[in-house]
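Undergrad: If you read the protein sequences in the order shown, they are chains R, P, A, C, U and Z.
If you count the first sequence from 1, position 48 lands on 48 in my numbering, and the numbers rise without skipping.
To convert, take the position in the second sequence, counting from 1, and add 307; that gives my numbering.
To convert, take the position in the third sequence, counting from 1, and add 524; that gives my numbering.
To convert, take the position in the fourth sequence, counting from 1, and add 741; that gives my numbering.
To convert, take the position in the fifth sequence, counting from 1, and add 1002; that gives my numbering.
To convert, take the position in the sixth sequence, counting from 1, and add 1263; that gives my numbering.
It should be emphasised that the hints constitute simulated quantities derived from the structure, not laboratory data.
Careful: at least some of the hints might be erroneous.
Here are the simulated distance ranges between beta carbons [to be verified]:
id : chain 1 : residue 1 : chain 2 : residue 2 : range
1  : C       : Asp-885   : R       : Pro-114   : 37 to 47 angstroms
2  : P       : Lys-432   : A       : Asn-689   : 25 to 35 angstroms
3  : U       : Phe-1153  : R       : His-270   : 57 to 67 angstroms
4  : A       : Glu-653   : P       : Glu-322   : 34 to 44 angstroms
All C-beta atoms, glycine included, are put in the ideal place defined by N, C-alpha and C.
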Amino acid sequence: MIKDDKNLKVRRSHRLRVKIEGKVIGFLVGSAAFITILVTISIVWNLAQQSLGFFSEISIIEFFSSTRWSPILIPREFGIAPLVAGTFLVMIISSFVAVPIGLAVAIFLAEYAPNNIRKILRPMLEVLAGIPTIVYGYFALTFVTPLLKLVFDDMIIFNALSAGLVMGIMIIPFVSSLTEDALISVPNSLRQASYALGATKFETSIKIVVPAALSGIVAAFILGLSRAIGETMLVTIAAGATPNLTFNPIESIQTMTAYIVQLALGEAAHGSVEYQSIYAVGILLFIITFAMNTLGHWVVRRWRNVY
Amino acid sequence: MPREEFDKALDELQETIEKVQKLVEKMIIDSVKSLENRDMDLSNKVIEMDDEVDKYRDDLEQKAIFLIASEQPLATDLRKIITTLRVIMELERMGDYAEGIAKINLRIGETELIKPLIDIPSMSKKSIEMMRNCMKAYKNTDVKLAESVCRVDDEVDVLKDRVINELLQIMMKDPSSSRQATYLIFIAHNLERIADRSTNIAEDTIFLATGKSRSID
Amino acid sequence: MPREEFDKALDELQETIEKVQKLVEKMIIDSVKSLENRDMDLSNKVIEMDDEVDKYRDDLEQKAIFLIASEQPLATDLRKIITTLRVIMELERMGDYAEGIAKINLRIGETELIKPLIDIPSMSKKSIEMMRNCMKAYKNTDVKLAESVCRVDDEVDVLKDRVINELLQIMMKDPSSSRQATYLIFIAHNLERIADRSTNIAEDTIFLATGKSRSID
Amino acid sequence: MTIENKINKVSLKVKDLSVYYGAFKALEEISMDIEENQVTALIGPSGCGKSTLLRCFNRMNDLFPNTKIEGQIIYDDIDIYSQAIDPVLIRSKIGMVFQKPNPFPKSIYDNVAFGLKINGFVGNYDEEVERALIQSALWEEVKDRLNDNAFSLSGGQQQRLCMARALAIRPDVILLDEPTSALDPIATVKIEDLINVLKKDYTIIIVTHNMQQAARVSDKTAFLLSGENRCGKLIEMDATEKIFTTPFKKETEDYITGRFS
Amino acid sequence: MTIENKINKVSLKVKDLSVYYGAFKALEEISMDIEENQVTALIGPSGCGKSTLLRCFNRMNDLFPNTKIEGQIIYDDIDIYSQAIDPVLIRSKIGMVFQKPNPFPKSIYDNVAFGLKINGFVGNYDEEVERALIQSALWEEVKDRLNDNAFSLSGGQQQRLCMARALAIRPDVILLDEPTSALDPIATVKIEDLINVLKKDYTIIIVTHNMQQAARVSDKTAFLLSGENRCGKLIEMDATEKIFTTPFKKETEDYITGRFS
Amino acid sequence: MSTKIDINSSSLSRRKLIGFLFISFCLLGVLVAFMGLMSLLVQVIIQGYEWVTPNLIFNYPSRHPEQAGLWAALIGTLYMMGLTALITVPVGVGAAIYLEEYAPKNWFTSFVEINTSNLAGVPSIVYGLLGLSIFVYFLKLERSILAGSLTMSLLILPVLILTSREAIKSVPKAHREAAFALGGDRWQVVRMAVLPTAFPGILTGIILALSRAIGEAAPMVAITALVYITFVPVTPMDRFTVMPIQIFNWVSRPQDEFRGLAAGGIIILLILLLSMNSIAVILRNKYQVRSEE
Ligand SMILES: Nc1ncnc2c1ncn2[C@@H]1O[C@H](COP(=O)(O)OP(=O)(O)OP(=O)(O)O)[C@@H](O)[C@H]1O
Ligand SMILES: Nc1ncnc2c1ncn2[C@@H]1O[C@H](COP(=O)(O)OP(=O)(O)OP(=O)(O)O)[C@@H](O)[C@H]1O
Ligand SMILES: [Mg+2]
Ligand SMILES: [Mg+2]
Ligand SMILES: O=P([O-])([O-])[O-]
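With the hints as extra help, turn the sequences into a complete structure.
TA: Next up, the structure:
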C-alpha cells in the first residue's frame, strides 16, 4: 500500500465515511435532476392527453380554420384564430413600447450612466420587475384606460391597446436587464480600443458595443415577447373576454391565456369539451412560447462571441 | 525566422572581429617588414594602429555585453558571445605584440642588423597563417581546423628555439651584439606569443563548438 | 532581501577567485624562491600547481557562464560576472608566468647563478604587492586603489630595464654567460608581465565600478 | 563608445505632469521629452504609474471618472490638455495598443477599416487596409481570409491586427501598454521585430515589465518609481544602453538588478 | 567540471506513458525518472503537453472526461494507475500548486487547514498550520492575521499560501504548474527561493515557460516537444546545466535559443 | 489626412451632435420607463392608502367593502410559501448541484440544461393547467393548499435551478482543482469548496423564486377556482386562497370601493414583495463585490 499517512495522523474510518456519504449524496442530487425531466414529460403528456380528448370531438381543421371562438354559446364553434390574433395584437403593441425603451434604458445604464446612478437605477428596475402582473392589470384598468379614453372616446373599457401598452411597460425591466447584461458582458477592452482610435462615445456604443452584444440583445427581445404571449392576469383584467378576430387595438379582445382563466373560473365540468378546450389552447400556447424560448436561447448560443 | 534582430547583431559582432583581424594581420606584417627594412616610419604607423584596434575592441565589448543584457542568450548563443569577447581580447593582445615588435625596432634604431633575417620572417609567416586558420575555424566553428592550428604552434616553437640558439651563438661570438641580439630574441618571443594567441583562439573555437573548456592546453 | 540565491552564487565566484589568487601568489613566490635556491623540486611543484589553477579556472568559467544563462544579470551584476571571467583569466596567466619561471629554472639546471639575485626578488615582491592590491581593489570595487596599482607598474618596468641592462653588461663582459643571462632576462620579463596582469585587473576593476572601458592603458 | 546621445526632434514634451485619481496622486511632476521616430520605454515596478503616464499621452485617462491632470503635454506646439482640444482628435493622431489583444468581434477587414470609417476617411479603403496590414507584418498571413472573424486568429496575430488597426488611421505616435505580456515567446519576438521596423516611421512609447524587452526594442528608457506615498516619480531617463549597463541612479540600478524590494 | 550526474533515489518512475484526450494523443511514450529531493523542470513550447504530463503524476487528468492513459507511473513500488489505487490517496501524497494563485475565499488559517480537514486529520491543527506556513516562508507575514480573508493577501503571498496549503498535508512530491507566471518579478524571486529551500525535503516537479527560471531552480530538466501530429514527446532529459549550456539534441538547442518556429 | 491637429474639425462637431441626439433619446426612454412604472406605484398608493387598515389585514373577505379583509389570503399565501419552499429548495438546489458538479457532459445533461431554461419560460397559466389536471383531479388532492404548493413548486423549480447553477458556476474552477489536488472526494469538494462560496448566490435565487411565487395569480386561479374562503387553512388538504387571487377578485368587481380595496391589498402585497426583493438585491450586491476582489 502507498505509504499512507506516514506523517499525518488521520482518523481510520474517515475515508470510508467520506466515500459512503459521497455515494448517497450523489444519488440524491441525481434524482433531483431527474425530476425536472419528469416535469417536462408530464406537462407534454398531460396537455397532449387532455387535448387529444378535445380533438376527438372537435376536428383539428375546424380548430385552425374557423374564425369564430364560441365555446359556450350555441352554436359552439372552436376556431382558435380570434384568440391567437388577440394574443399577438397585445404582444405587438407591447413590443412597440418595450423594445425601443428597453434598449434605450439598457444602453443608458450600461454605457452612459455614471456609476452612482447605475447603482440606484438597476436595483430599482429589478425590484419593479418583481411586481406581480395583477398589479399591472389593475393599473391598466384603473389608470391607463381612463387616460386613453380621453383620446379615443369610442374606446371600450376592456381593450387591447391599454393592455398592450401596460404589458410593454411591464416587460421593459425584463428586456432591459437582459440587454444590459449582454452589453456589460462586452469587455471594456473593446471600448478602450474604440476610444483609442478616436471614436466618440456614441460611435463606440453603436458601432462596437451593440454589434458585439447583438445576439444577447436579440435574445432579450425574443424572450421578452415570449413573456408577453404567456402573460395572463394583466390581459384577463384589462383586455376583455371577447374573442374577436380584429387588429383594431381599441376593441375588446381575448387572449389565449385570458380564455384559459375564464374557463377555469367558470368551473367547467371536468371532462367536458369546454374543459378540454383549455388544454387545446394551452398546448398551442406551450408550443408557441417553447419555440420562441428555444429560438432565443439558440440565438445566444449560436452567435455569442467568446472573449 | 525568429530572432532575426539577434542574429543580425551577432553578425555585426563577427564583422567587427574580422575587421580587427585584418588590422592586426597588417600590424604583424608591417612590424616585421619595418624590422627587415629598418623602416622607423612604418614602425610608428604600426604603433598608431594599435589605438584603432583598442577602439574596435572597446566598441565590440560594449556591444557584446549589451547583447547579453538584452537578449538573454542561452546555450550556443551565449557561448558565441562569450567567445567573441575572448577572441577580440586575443586579437587585441596580438596587436600589442606587433606593437611591441615595432617598439623594439625603434629601440634598435637606424643601425644595421647583426644578421640577415631568415627565421623571424618565416615565424611571422607561420603565425599569420595560424591566425588566418584559427579565425577561419572560429568563423565556421570548424573544430578540425582549430585542432590543426594547435599543432602548427609546435612548429613555431621550434623556430623560436632555433632563433634564440642562433642569437645566443652570435652573442657569445660577439658580445657587443648582445643588446641587439636580446632585442631580436624578444621579437622572436613576441612572434611565438602571437602564435600562442592563435592557439588560444582555436581552443575558444572548440569551446564554442562543444562547450568543452579550454584546459586541454 | 531579494536575489539571495544570486548573491550567494556571486559570493561563491569571489571565493574561488580568492583561492586562485592565493595559489598563484604561492606559485610566484615559490618560483622565485626555487630560482634563488636552485631548488629543482620546488620548480616542479610550481609547475604542478598550474594544473590546479587551470581546474579552478574552468570550474569558475562554467559557473559564471551558467549564472549569466540562468540569472539574466544586468548592469553591475552583469559587469561583475564578465569581470570575474576576465580576472580569473589574468590570474591564470599569471600562474602561467610563474610556471614559466619555474621551467626556465629547470633549464638553467643545477649550475650556479652568474650573479647574486637582487632586482629579480624585489621585482617579484613588487609584483606580488601589486597583485594583492589589485585583488583587494577588485574585491571592494575600490577605484582609487586600482588606480594606484597602475602607477606601481611603472616601478616594475624600471626595475626590469635595470635587470636587463645589468645582464647585458654581464653578457658583454662574459659571453659564455649569455645563455643564462638571457634566461634571467626572460625571468625578469615574466615578472614584469605578471605586474602588467595586475594592472589589467586594476583596469577591470575600474570597468566594474564605472562601466568605463579599459583602453586608458 | 557607441552610446551617443543623439539629439532628435521632440515629438511629445511632458511638462510638470501630475495625475490624480480622486484624492490619490498617482504621478508627480513628470517632465520628459519623447523624441520623434524613437522608441521610448517606460519601466518600473508594478503600480508606479507607467500605464497612467502612457494613457496621458492620448488622454485615455479622461475616460476614468475623477481623474485630474496638472501640467502640460505639448504635441505639435499645442498643449493636448488645453480647453480647445477635443480628446477624440488627439486619439486619432496618437494610437494605442493594449496589453491583451482586443480585436473587435468583426471581420479582419472591418477591424482595420474601423478607424478609417469613424474618422470619415474618403478614399480607397482596400488600399489603406492592405497598407496597414503590410505594415504590421500580417498581410501575408491573412490576405486570403480578410472576411474571417478576427477571433479566428492566434493571440500573436490578433495583437498584430490591433497594431494594424491603430496604424490604419496613420497616427504619428503609437502607445503600447505591455503589448506582449499576454503572448508566447515566439509571438513576442514577432511583435518586437515589428516595433523595430515601425520606429522608422513612428514615434513609439512602450510600457513593459520585461527589462530585456525594453533593452531590445527601445532607444530611450525612462524609469519610474513610486515612493512612500505610492506616488510615481520619474527617477531617470536616458539612452537605453546607458540605463541597462550603467544607470546613473542607485534606485535604477537596484530595480534593474532585481534588488529592489 | 561540476556538472555531475549524481545518482539519486528515484521517486517517480514514468514508463512508456501515453495520454489521450478522446481520440487525440497528447503525449506519446514518455519514460523518465523523477529523482527524490530534486527539482525537475518540464520545459517545452506551448501545447506540447507539459501540464498534461504534470497532471498525470497526481491523476488530476482523471477529472477531465475522455482522458485515457497507457503505460505506468511507479511511485513507492506501485503503479499509481493500477485498479487498486484510489486517486484521492495519490493526491494526498502528491500535492499540486497551480498557475494562478487560487486560495479559497476563506481565512488564511482555514485555507491551510482545508486539506487537513479533508483528510480527516486528528491532532493539533494550529501546530500543523503554523508548520506549513513557516515552511512556505509566509508565517512572519501573516501570523498576526490568520483570520483575515486570503484574498487580502498580495498575489505572491497568495501563491505562497497555496504552497502552504499543499504542504500542510505533508506530501512527498509537489507539482508546480507555472507557479510564477501570474506574479511580478519580486514575488517570483520569493517563490524561487522557496523552491530552493523546499527541495531539501520534497521532490518537486515544475512546469515553466521561463527558461531562466528552469535554469535557476531545477536540478534536472526535461524538454518536451510536439511533432507534426501535435503529439508531445520527450526529446531530452538531463542535468539542468547541461540542457542550458550544451544540450545534446538540436531541437533542444533550437528551442532554448529561441530559434524554434 | 493632415498631420496637424485641426482644432475646428467640422466633421467632429457633426459626430458630436449625433451623439448628443442619441443620448437625448436614451434619456427620454429612461424617463418614459420610469414615469410609467412610477405612475403605477403612485396610482396604487393614491387609490389604496386609505384602505390600508387593520381591517384589511385581519378580516375575512366580505360582501361589504368596509369590512372586507385579506386575512385568509395572507395566511394562505404564507402557508403555501412555506410548503413550496420545503418542496423546491432541496430539489432545485440538488438538481443544480448534480448538473454542475456530477453530471457527465453528454446529450442527456445538455438536454436537461436546455429543458430547464425552456421550462423557466413556459407561461405560468400552463403550470396551472398542469396542476389542475394532475394534482387536483388525477392525484385527487382536490383544490387543497398542497395541490397549490406543488403547482407553484413546479413553476419556480426551473428558475431556482437556473439561479443556483449560475451561483455554483460562478465558483472558480480553480477552487475545485485545488480541493481535488488536496485529496478531496467529489462530495467533499462540493461541500467544502463550492457550496460555501455559492451559498449567497443560491440564497438570492431562493428568495427571488419565492417572491415570484407570491405574486403569481394565474396558476392559482386554475387551482383555487376563486372560491369564497372565510377561514384559515390548517391542514395541507384544506381549501385556501392567496393574496393575488383575492386582489383579482376585488379588481373584477365593478364597484369603486372594491377597486380601492384591491389597491389596498396591492400595497400590502407590494410591501411584502419589495422587502423580499430588496433583501435579495442587497445580498447579491454584497456577494458580487466579494467575488470581484
Ligand atoms: N482608474 C483608476 N482609478 C484609481 N486608481 C488607479 C486607476 N488606475 C490606476 N490607479 C492606481 O494608480 C497607480 C498607478 O497605476 P498604473 O496602472 O498606472 O500602474 P502601472 O505602473 O501601469 O502598474 P502595472 O505595471 O501593474 O500595470 C496604482 O496605485 C493604481 O492602483
Ligand atoms: N482537457 C483537455 N481536453 C482535450 N485536449 C486537451 C485538454 N487539455 C489539454 N489538451 C490538449 O493537449 C495538448 C497539450 O496540452 P497541455 O495543456 O498539456 O500543454 P502545455 O504544454 O501545458 O501547454 P501550455 O504551455 O500552453 O500550458 C494541447 O494540444 C491541448 O490542446
Ligand atoms: Mg500597467
Ligand atoms: Mg500548461
Ligand atoms: O600577453 P602575454 O602576457 O600572455 O604574453
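Undergrad: A separate judgement is required for each hint: does it hold in the structure or not?
TA: Cross-check of the supplied hints:
A beta carbon spacing of about 46 angstroms between C:Asp-885 and R:Pro-114 agrees with the range 37 to 47 angstroms that was offered as a hint. Between P:Lys-432 and A:Asn-689 the CB atoms are about 33 angstroms apart, so this pair conforms to the stated range of 25 to 35 angstroms. In this structure the supplied range 57 to 67 angstroms holds for U:Phe-1153 paired with R:His-270, their Cβ-Cβ distance being about 60 angstroms. Taking 34 to 44 angstroms as the suggested C-beta distance range, the pair A:Glu-653 and P:Glu-322 conforms, at roughly 42 angstroms.
In summary, this structure violates none of the numbered hints.
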